[in-house]
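Protein chains: 2
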Amino acid sequence: MSKIPTFLFFFFFSSTISISLSSHPLDPLSPAEFTSVQTAVRSHYSNHTSVAFHYIGLKEPPKSAVLSWLHHHTPSSAAPPRRAFIIARVNHTTTHELTVDLTQSTILSDQLYTGSGYPLFTFEEQIAANALPLGHAPFLESLRRRGLHGAEILCQTYGIGWFGEQGKGCSRIVRVMCNYLDGTVNLFMRPVEGIAVTVDLDRMEIVGYRDRGIVPVPKADGTDYRGSKQRPPFGPGVNAINVVQPNNLNRWANWDFHLGFDMRAGPIISTASIFDVDKQTFRRVLYRGFLSELFVPYMDLTEEWYYRTFFDAGEFGYGLCTSSLLPGADCPDNAVFMEAYFPDKDGNPQQLPNAFCIFERYAGDVMWRHTEAATPEVVTEVRRDVSLVVRMVSTVGNYDYINDWEFKQSGSIKVTVGLTGLLEVRGADYTHKDQIHDESYGQILSENTIGSNHDHFLTYHLDLDVDGESNSFLKSKLKTVRVPNRTTSPRKSYWRVFVETAKTESDAKIKLGSEQVDLIFVNPNKKTMVGNPVGYRLIPGSVAGPLLSDDDYVQIRAAFTEYNVWVTPYNESEKWAGGVYVDRSRGDDTLATWSMKDREIEDRDIVVWYTLGFHHVPCQEDFPVMPTLSSGFELRPANFFERNPVLKAYIS
Amino acid sequence: MSKIPTFLFFFFFSSTISISLSSHPLDPLSPAEFTSVQTAVRSHYSNHTSVAFHYIGLKEPPKSAVLSWLHHHTPSSAAPPRRAFIIARVNHTTTHELTVDLTQSTILSDQLYTGSGYPLFTFEEQIAANALPLGHAPFLESLRRRGLHGAEILCQTYGIGWFGEQGKGCSRIVRVMCNYLDGTVNLFMRPVEGIAVTVDLDRMEIVGYRDRGIVPVPKADGTDYRGSKQRPPFGPGVNAINVVQPNNLNRWANWDFHLGFDMRAGPIISTASIFDVDKQTFRRVLYRGFLSELFVPYMDLTEEWYYRTFFDAGEFGYGLCTSSLLPGADCPDNAVFMEAYFPDKDGNPQQLPNAFCIFERYAGDVMWRHTEAATPEVVTEVRRDVSLVVRMVSTVGNYDYINDWEFKQSGSIKVTVGLTGLLEVRGADYTHKDQIHDESYGQILSENTIGSNHDHFLTYHLDLDVDGESNSFLKSKLKTVRVPNRTTSPRKSYWRVFVETAKTESDAKIKLGSEQVDLIFVNPNKKTMVGNPVGYRLIPGSVAGPLLSDDDYVQIRAAFTEYNVWVTPYNESEKWAGGVYVDRSRGDDTLATWSMKDREIEDRDIVVWYTLGFHHVPCQEDFPVMPTLSSGFELRPANFFERNPVLKAYIS
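In order, the protein sequences belong to chains Y and E. Mapping of the first sequence onto numbering that gives the first Met the number 0: residues 0 to 651, in sequence order. Mapping of the second sequence onto numbering that gives the first Met the number 0: residues 0 to 651, in sequence order.
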């Protein structure tokens with residue numbers, strides 16, 4: 000038996016598992032590098048200037064430099080220069096885009112941004128805004144009228160969107176909405192309705208206040224989800240199983256990839272390659288994959304709700320909202336954990352412990368099998384399906400999103416997202432469905448509690464490099480063919496495959512569900528021995544598209560969800576499907592506007608944008624905390640290999 | 000902490016796990032009961048009569064008797080009478096349907112069947128038919144001309160379907176097609192093309208023979224999938240993980256169900272109920288669920304292929320094709336195994352060892368979680384997702400279907416089917432894609448090897464009894480609503496839920512994919528405290544529908560695949576979506592014909608028929624053995640419980 004080929008599995012910073020800590024050009028900023036940014040920017044501006052960091056992330060080196068480094072580097076070879084991209088608000092009035100040389104700690108560029116929209120909210124300004132109502136006399140009066148105690152109030156910041164306002168109407172305002180604790184930690188089940196507080200984040204003051212009237216606050220009883228607060232009877236219960244893994248995970252099967260972190264996107268998988276046993280070489284699959292935007296529009300038109308059309312990556316930072324994973328619960332016992340870093344508003348690096356876990360998964364499934372009973376002796380060959388999972392949880396306020404990137408030995412990359420956590424509910428007068436005669440915008444879940452109808456659209460940026468950069472997108476359509484002459488066959492019909500190569504961006508837009516089309520991404524310059532172009536197929540999970548009108552301001556801002564599939568030529572600046580500045584954006588910098596150029600995408604370095612959707616009609620099982628609902632998609636080799644790549648997998 | 004409620008988890012015969020062996024009215028026939036059938040039928044006919052058993056299965060007691068027994072039985076109470084239903088061919092000429100009293104070993108009825116179509120093939124007649132070509136001089140001549148050795152030939156029986164033939168054209172004929180071993184066990188990769196052998200099964204002789212000419216037999220090289228036959232280099236490999244389970248599985252969490260076996264359907268799940276912690280009682284969910292038919296049409300019109308439109312349950316017996324599961328490979332180490340029994344053609348009980356495995360699954364997933372960072376102290380609550388899986392593998396010739404019924408503590412029943420095993424390939428002259436200019440009906444996978452395009456449609460019979468028998472089907476449609484007056488809201492649109500109750504069968508037919516509709520099954524007579532009807536939702540996995548013309552004979556026989564969802568009133572005789580007699584059927588006894596009665600289905604005991612589809616365009620990774628491709632569906636509670644049923648699950 001030949002030796003196991005050596006793989007490099009790059010981790011981007013110190014972790015508890017025993018691996019060599021090679022650096023990689025796509026490593027996220029280290030704590031020292033955050034400090035370098037801070038130093039450079041502080042010395043660039045005068046002492047009297049207020050600078051708030053809204054985004055600090057790696058400015059990725061050009062793709063060619065990364066690939067060249069990956070293929071040629073030796074321990075002594077120079078890595079591409081390390082740079083950071085920064086978005087800062089200066090003196091609470093202007094937005095600046097800066098580039099910093101991380102090694103020299105110098106400013107390379109500083110550009111004023113004058114377009115529409117604003118950067119991510121910082122934690123600090125959200126905390127400050129959330130505290131304002133309790134110092135606002137009319138709010139205290141509203142509480143008094145409702146018989147609520149200020150000490151039990153917790154408020155949240157909500158982006159206010161854009162509904163056609165111009166000029167001053169487009170300032171950096173948000174809504175602050177409050178919830179009530181008083182005996183529970185499940186504040187999201189206890190909204191204080193009827194009150195609209197508008198806050199200007201730059202001035203950090205309340206600029207609008209309205210109390211439309213009293214709506215009951217849903218009761219605390221039954222909402223607390225902590226185990227320690229439950230009373231008998233308990234159940235269900237199972238006999239716990241243990242997963243025991245003898246060895247470390249530092250080199251995993253046939254995959255090699257890099258895991259990075261970004262405060263906006265969360266996990267970033269890059270330079271994923273798979274070892275081809277027949278060819279005895281690594282072959283490229285995915286240059287970069289990450290969640291580009293997560294759009295969550297609610298379907299409630301009441302004054303306190305109509306604007307709730309969240310862009311969780313661009314407004315709140317999907318990475319910034321990372322929850323520390325609980326060992327033995329969020330991940331199995333064989334998982335290893337890694338931390339991540341994000342900057343606070345002053346640029347100080349903050350540690351997120353247990354931001355990721357990585358584990359080998361064996362769920363009892365079969366990678367392939369066959370029993371042959373026709374041969375003289377019965378043959379049964381079975382291979383167990385063991386994969387590697389990279390997990391991260393982002394808790395954007397009430398919702399928890401469990402993000403899995405799973406690498407299968409058979410060559411598939413499966414992306415799964417699990418939705419759990421707490422619904423966003425509206426307080427209401429109703430205590431029974433029979434009382435609801437008008438539009439309730441949701442479903443009654445408990446007394447005075449309406450679970451609002453809403454959607455989740457997760458748009459992934461997938462820079463596929465199938466066996467190299469130059470790729471094409473094939474729409475492989477299955478169509479019924481009538482058999483013209485019954486003398487040729489007793490059959491009257493069959494189906495065959497009609498392959499259309501997408502030439503330009505407009506060819507590539509696809510709304511799934513309406514017709515039967517397989518999504519194939521090939522390298523047209525590489526063929527298998529029998530002549531098939533090497534490729535990967537994207538297999539969708541649950542399919543959903545937007546149900547908002549195209550001319551609705553909300554949908555104009557989220558126009559990137561209009562199609563489940565878009566393909567664009569690679570462009571360094573096109574990372575965020577909803578635009579760089581999403582808070583109060585106007586839809587003028589989205590995937591939908593870029594794609595209007597209708598650029599050529601055949602035999603090019605292309606990027607696939609895939610949108611996974613959920614329409615969520617809440618039900619009582621989602622109260623007071625939701626059982627996980629999962630979906631995802633799979634990138635699966637399709638004539639990428641000459642044959643089944645796990646035919647000769649080790650038998651465990 | 001209160002005591003764990005007691006559950007009964009019925010197994011239908013002896014197994015290695017420590018459980019009480021209660022009998023259940025839906026238990027499949029025991030070996031002794033098969034013998035009882037054999038004795039009764041032998042004494043019923045004269046000694047000179049030839050009787051071949053094509054089907055022996057439990058004749059289920061009336062649903063009311065089963066439910067009454069379940070709710071009222073004590074150790075001494077009488078179970079409903081045990082009866083068997085038998086389909087036999089008598090003197091190779093007529094089909095009889097018999098009912099046998101299993102306790103008395105007496106014939107209760109014997110009816111001649113005079114309609115169209117024939118019963119399942121027996122193993123014995125397939126073996127006899129497969130041997131005929133090697134005793135047929137023209138076939139030996141065909142081998143000689145091809146330079147093939149008879150000793151390496153293995154033949155298979157294929158149903159020939161129905162293409163409008165009348166009278167004698169409708170006799171019990173099949174096609175026998177041969178493959179070549181000669182250095183491999185993967186006979187399915189080595190078809191001997193160009194030869195059509197027609198066999199009359201009743202006369203057991205060749206009644207038609209044609210050799211259209213020589214087509215290369217694909218080479219043996221690279222086709223063997225046995226681990227022992229692989230040569231270096233090997234890979235990929237992983238560090239094996241072990242799953243250790245300390246205790247037995249005799250009582251599992253909050254589920255109670257019965258597992259049965261049928262030679263046609265395979266596993267049958269019945270009387271599944273879930274314990275409601277709040278109500279402290281079991282509540283009914285599924286009276287019976289099983290695979291009713293599996294339709295696999297190929298898209299190849301050549302003379303040796305056009306008729307390959309398999310009905311794997313009705314022609315070959317999905318249960319009869321059960322493969323014994325390999326411990327530690329087909330199922331994890333914590334699995335328990337159970338045997339099953341089927342009758343041979345003479346009615347002798349035959350044991351299928353390891354026909355089922357049952358295991359507790361923990362794949363590292365999260366049942367629910369939330370991290371609350373807004374409260375004074377950060378709260379993180381996480382529950383691990385542990386479920387119970389019942390698995391069975393059916394190997395219908397070349398294909399292996401991995402069938403999982405998964406019971407989740409959160410109340411979901413997930414049905415998953417994994418497709419693996421061997422493709423059906425056609426031998427061809429081509430050695431490279433560039434040589435293919437005409438219709439090849441498939442994809443080139445290797446030299447001289449075309450993987451034929453085909454579909455898999457799995458139609459499940461789901462007799463839902465959501466909290467009781469009387470159920471209704473709600474089509475919950477999400478539709479865009481324009482906001483009429485912009486003065487009421489800055490929004491221009493939203494969506495809301497429009498619920499339509501299906502009154503009759505025609506209301507319930509749904510082709511998925513075309514519109515956004517949630518499939519809800521409710522008990523209209525039971526409401527939650529806030530007034531929602533208690534229900535379950537069917538969440539589809541991958542969606543596919545037939546691409547054959549409606550007037551094609553193939554599609555007429557498989558008309559039950561035309562819609563993904565049908566709902567019928569419960570009718571004891573309506574079990575097999577393609578009809579009882581599927582071999583050479585004419586489509587006159589299918590779900591589609593029954594449903595033409597357009598019966599009432601509101602507030603009735605109803606049955607849901609759900610069809611899960613795959614269109615399969617083969618790729619080289621599927622050669623010489625396919626990595627598993629999975630899909631399925633989920634039955635998930637929707638206002639069945641007052642709240643999240645695992646809020647108070649034990650923390651492990």
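Take these hints with a grain of salt, some might be off.
Heads up, the list lumps identical chains together, so a pair's fine if it works in one copy or across two of them.
In silico DSS-like pairs for lysine-lysine, Cα to Cα no more than 25 angstroms straight-line [claimed, not checked]:
1. 476 <-> 510
2. 502 <-> 344
3. 167 <-> 491
4. 502 <-> 167
5. 432 <-> 476
6. 526 <-> 218
7. 432 <-> 502
8. 218 <-> 413
9. 58 <-> 167
10. 491 <-> 510
11. 58 <-> 476
12. 432 <-> 525
13. 508 <-> 478
14. 476 <-> 344
15. 478 <-> 510
16. 526 <-> 278
17. 510 <-> 474
18. 432 <-> 474
19. 344 <-> 526
20. 526 <-> 58
21. 478 <-> 491
In short, the hints are calculated from the structure, not lab data.
*Can you tell me if residue 167 and residue 491 fall within 25 angstroms by alpha carbon in one copy, between copies, both or neither?*
This pair counts as between: shortest inter-copy Cα distance 22 angstroms, intra-copy 67 angstroms.
*Classify it for me, residue 491 with residue 510: is the Cα-Cα distance of at most 25 angstroms met within a copy, between copies, both or neither?*
between (30 angstroms within a copy, 22 angstroms between copies)
*With identical chains treated as interchangeable, where does the CA-CA distance between residue 58 and residue 476 reach 25 angstroms or less: within a copy, between copies, both, or neither?*
neither (39 angstroms within a copy, 45 angstroms between copies)
*Within a copy, between copies, both or neither: where do residue 478 and residue 510 come within 25 angstroms Cα-Cα?*
For residue 478 and residue 510, both the intra-copy (17 angstroms) and inter-copy (17 angstroms) Cα distances are at most 25 angstroms.
*asked:* As a check of your reading, is residue 526 near residue 218 (CA-CA no more than 25 angstroms) within one copy, between copies, both or neither?
replied: between (64 angstroms within a copy, 21 angstroms between copies)
*Is it within a copy, between copies, both, or neither that the alpha carbon of residue 476 lies no farther than 25 angstroms from that of residue 344?*
Neither way: residue 476 and residue 344 sit 50 angstroms apart in one copy and 45 angstroms across, limit 25 angstroms.
_Within a copy, between copies, both or neither: which one fits residue 432 and residue 502 at a CA-CA cutoff of 25 angstroms?_
between (53 angstroms within a copy, 22 angstroms between copies)
*For residue 58 vs residue 167, is the C-alpha pair at or below 25 angstroms within one copy, between two copies, both, or neither?*
Cα proximity of residue 58 and residue 167: none, with 33 angstroms in one copy and 77 angstroms across.
_Please sort residue 432 with residue 474 into within, between, both or neither, judging by C-alpha distance up to 25 angstroms._
between (47 angstroms within a copy, 19 angstroms between copies)
*residue 432 and residue 476: within-copy, between-copy, both or neither at 25 angstroms Cα*: Classified as between; 19 angstroms across copies, 46 angstroms inside a copy.
*First find the shortest C-alpha distance between residue 476 and residue 510 inside one copy, then the shortest across copies, and answer within, between, both or neither for a cut-off of 25 angstroms.*
both (14 angstroms within a copy, 19 angstroms between copies)
*Between the shortest in-copy and the shortest cross-copy C-alpha distance, which are at most 25 angstroms for residue 510 and residue 474: within, between, both, or neither?*
Cα proximity of residue 510 and residue 474: in one copy and across copies (12 angstroms, 23 angstroms).
Checked against the numbered hints above, the structure violates hints 2, 4, 8, 9, 11, 14, 19, 20; every other hint is satisfied.
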